[in-house]
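Our numbering puts the first residue of the sequence shown at -8, with every later residue one more than the last.
Mixed in with the good hints there might be a few duds.
What the hints assert, rightly or not - With a straight-line cut-off of 27 Å between C-alpha atoms, the simulated DSSO-like cross-links for lysine-lysine are:
#1 Lys234 - Lys(-4)
#2 Lys83 - Lys100
#3 Lys234 - Lys25
#4 Lys290 - Lys234
#5 Lys25 - Lys5
As the list claims (entries may be wrong) - Restraint ranges, calculated between C-beta atoms of paired labels, are given here:
#6 Ala336 - Ile530: 38 to 46 Å
#7 Ala311 - Pro82: 34 to 42 Å
#8 Asp422 - Ala709: 21 to 29 Å
#9 Ser322 - Gly684: 25 to 33 Å
#10 Ser655 - Ala682: 29 to 37 Å
#11 Lys287 - Asp603: 54 to 62 Å
#12 Asp548 - Ala682: 18 to 26 Å
#13 Arg539 - Gly595: 23 to 31 Å
#14 Gly335 - Gly684: 29 to 37 Å
These aren't lab readings, by the way, just hints derived from the structure by calculation. Using N, Cα and C, we set each Cβ at its ideal position, and we do this for glycine too.
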Amino acid sequence: MSATKIGGTAIAKKIRERLQSEIAEKQATNPLYKPCLKIIQVGDRSDSTLYVEMKLKAALEVGIQCEISRYPETVSEGELLAKLHNLNSDPKVHGILVQLPLPKHLNEKTITSAIADEKDVDGLGTYNVGELAKRGGNPFFIPCTPKGVMVLLQETGIDLTGKNAVVIGRSDIVGIPISNLLRNADATVTICHSKTTNLEEHLKMADVVIAAIGQPQLIKGEWLKPGVIVIDVGTNYVPDSTKPSGQRLVGDVDAESSSKVASFRTPVPGGVGPMTVAMLLQNVTDSATMYFQRQKNRKIAPLSLKLMEPVPSDIAISMAQVPKPVTKIASEVGIASSELEPYGAYKAKVDLSLLNRLEHRRNGRYVVVTGITPTPLGEGKSTTTMGLAQALGAHLGRPTFANVRQPSQGPTFGIKGGAAGGGYSQVIPMDEFNLHLTGDIHAITAANNLLAAAIDTRIFHENTQKDAALYKRLVPVKNGKREFAPIMFRRLQKLGITKTNPDELTEEEITRFARLDIDPETITWRRVLDVNDRHLRGITIGTAPTERGQTRATGFDISVASECMAILALSTSLADMRDRLGRMVVATSRSGDPVTCDDIGASGALAALMRDAIKPNLMQTLEGTPVFVHAGPFANISIGNSSILADKMALKLVGTEPDEDHASSTGFAVTEAGFDFTMGGERFFNIKCRASGLVPDVVVVVATVRALKVHGGGPPIAPGAPLDPIYKQENVEVLRAGCTNLRKHIANARRLLCTNSQQRCDEQLLTLTWVPQRPGSGGGKLASKELKVWYSGAWTEYSILAGLVELIGQTFNATAFGGAAGNSNCWMQPYQADDGSAAQMEMCETGQYLHAQYDADPDVEAQRARDGKRPSNYLRIGLGYGQGALGRSEEVGCGWKVVKGGALDSGIESFKKILRAAGISRPNQVDSQCCQEKDRCIKMPLPV
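Using the sequences provided together with the hints, build the complete structure.
What follows is the structure in structure tokens.
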């Protein structure tokens, strides 16, 4: 009988070829799929060097990026752990391997356990070893050599169930793991080792022998059971004068005698060795696959609500709910642990490096919530935002972020109160949200007041010193040498001074550089405080004797009114914030030149104070969906929006990977624009969108009956005073009159965003309003529901939100606009046309169209003709919503008819047919090139 050799080399080759093919196939659908292995070698042992070079070569051959980091044998444990920490945090690294053995001064257990479990491709970390040892455990990776042994056993065709398997050796690398694998395969496992006294007796009963004891040719053929399968893991060198090296490689089993007894055996070399490397490559590839799969598995586990009647106070509702740990929220939405900076159990900051990691993602859907002109009591934009986010995230299962501003303690301790939302749609913990949070506003306060102090200090020193002394104070001698600070070169450049040596400036240049000559009457920079203290609104500074009579009248503003807060909201990076802070104009010189923060030399210090504040804060809604809380500029005196960075992060976190179906997988970022549309809403479009490059997919306008009655002629609402009975009783006439305000806000929204049609536009804008009254020129009714998120959270609004998701998904199809990063680039830009029309609408071709015809008033049309204007039925073309029979129309109220058109043919004539079917009377005026390219725009004037 002669044993059949199990050729590990040939099997490993097949595995490598398969891996190479799999990697290439996945890269075809996702170019970012690039498995990466980092190997750490300590010392210069020749055998370790040989092994890592072999692994490097094999990895590169199959398409795995691989790099070896070599350290001297004297490297400290701390330095090695720091390197592992950096590799753990690097999203481009999928596998980390520390070549063993390590020098004696390094603890192997500490080092191997420091590798992130999901990157421990050697499978030797605590988690993977522990999971492998558990019955039914689920390790990320199995140690490479034992995994290769199991593949070799599979090649023999043996069914291990009930078989006697003897493992000789109990090392953590081979013996113990392979015994666990055999046990999990239902074999009866015996572990033998150097202290085993009856080794031959155990071997005589073995159907499978795994030899991994490290003793050359220990096991003889006569010890083995006939027909046994022998897997020889041993690698031992014995003297051999016939070899050029004077030695040869043998296993733990005597090859000659065992071949006469065994049915299958592995040769040494060429058996287990090649399989170890192949399994390492398999683990690295699996790690990369799991990483990219985890990026898609963003599933939020909602918190349940216990609704009560009557609805308790907001704080009672918040205190009754048990929030999820912020680390769990982060894990659910795909924020890496290295990107999270917890502040206690329920709030955390998110590092800006997340944007670099997810730069490749297509953005999710962008929804902005705004409202009509509010009363002093607030009209529920935050509540609507939270309710919408809870419905989309907790009930529809779509990844959803709510983005809101951080509340100022001025309103919190004033009449309006907090800004967490209300009822069963709010941010929790409410007390932490409304009070301090992570200290961002305090950082703004410190930065603002530092600059205020620097301005007054500069004026003091300029008034009390001559030019030379002032220059020496600004550019002091250090270590016998005078040098400009880096920030000073900005002022030198502004002054047109190109010299870099402070000693080379002329007296005139020294004067220009050192003296800002600020006119105190022009200083616009005031100190701030985040409470309402009316007694500090006007103060006199400089009254101390040390100030030499240099008094000045100034005052305090509230912290969120600081320009530093607006800059925080608009910054796109730390460097961008630093530049914006430096460009702030704080005063004017007596000669009329603007004086900036850079001129004062304080921009770097301000940026340092705000370096943590620039990171968005992560919290959660009452139903456990994620919330970004960041920046808090007021809408009536500033931009009134949360930060660009929070929106960008949210859009990436809810966005899709290159190989995902965007329409079915994308999520939503719901952001709030403060005050009403004419303030926060228009600043959202005119300032925030311009700075960020983002474009919203949907505008939600929020209204309340109370506010509509105020705008319809109801008595003013005074803070602290009881409400007039008109606000507690039905009064349709006052309510109807107030809809004028709502109508105007919707009209303003239409001016800025290109929507599908008159019908769909109103549905988008009114889906979440609290007034079942359609504000149109014809006064038609809209069958909408009252939103009840305050009373019952999001679950009762499931059908409304499902419709919104469908509307957004169909309106903004993945190919509809060709917009960057998944956002619509379809804007309606105001202009004055030569025919007197006030605007033009630019719309991109989608292949599906929804067209509208207006039933014109004859008197109006006659007047338009006398004025030389086109008829009203030359009105507008909407964008693709649904597919239907060509020419079918339906009444939608307000004098509008909607025609659903099918997909276009390539020719322009087919397009003209659709126009004619829709009642557009002058189709020849349409751009004849509009159908020839996907992203071409058509331009059609709108009536005044």
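Verification of the hints:
1. Annotation: proposed proximity of Lys234 to Lys(-4) holds, straight-line Cα distance about 23 Å (limit 27 Å).
2. In summary, the hint linking Lys83 to Lys100 is supported, as the alpha carbons are separated by about 25 Å, within the 27 Å threshold.
3. Of the pairs offered as hints, the one joining Lys234 and Lys25 is violated, with about 42 Å between alpha carbons and a cut-off of 27 Å exceeded.
4. The hinted pair formed by Lys290 and Lys234 fails the criterion: a straight-line CA distance of about 61 Å is larger than 27 Å.
5. Of the supplied pair hints, the one linking Lys25 and Lys5 holds, its CA atoms being roughly 21 Å apart against a limit of 27 Å.
6. For Ala336 and Ile530, the Cβ-Cβ distance of about 40 Å falls inside the hinted range of 38 to 46 Å, so the restraint holds.
7. Ala311 and Pro82 have their C-beta atoms about 38 Å apart, which keeps the hinted 34 to 42 Å range intact.
8. Between Asp422 and Ala709 the beta carbons are some 28 Å apart, a value that agrees with the proposed interval 21 to 29 Å.
9. Our hint of 25 to 33 Å for Ser322 and Gly684 holds, since their Cβ atoms are close to 29 Å apart.
10. As the Cβ distance of Ser655 to Ala682 is approximately 31 Å, the hint placing it in 29 to 37 Å holds.
11. Hint check: Lys287 to Asp603, Cβ distance near 31 Å, so the stated range 54 to 62 Å is violated.
12. The supplied range of 18 to 26 Å is met by Asp548 and Ala682, whose beta-carbon atoms lie about 23 Å from each other.
13. A beta carbon spacing of about 29 Å between Arg539 and Gly595 agrees with the range 23 to 31 Å that was offered as a hint.
14. For Gly335 paired with Gly684, a C-beta distance near 34 Å keeps the hint of 29 to 37 Å intact.
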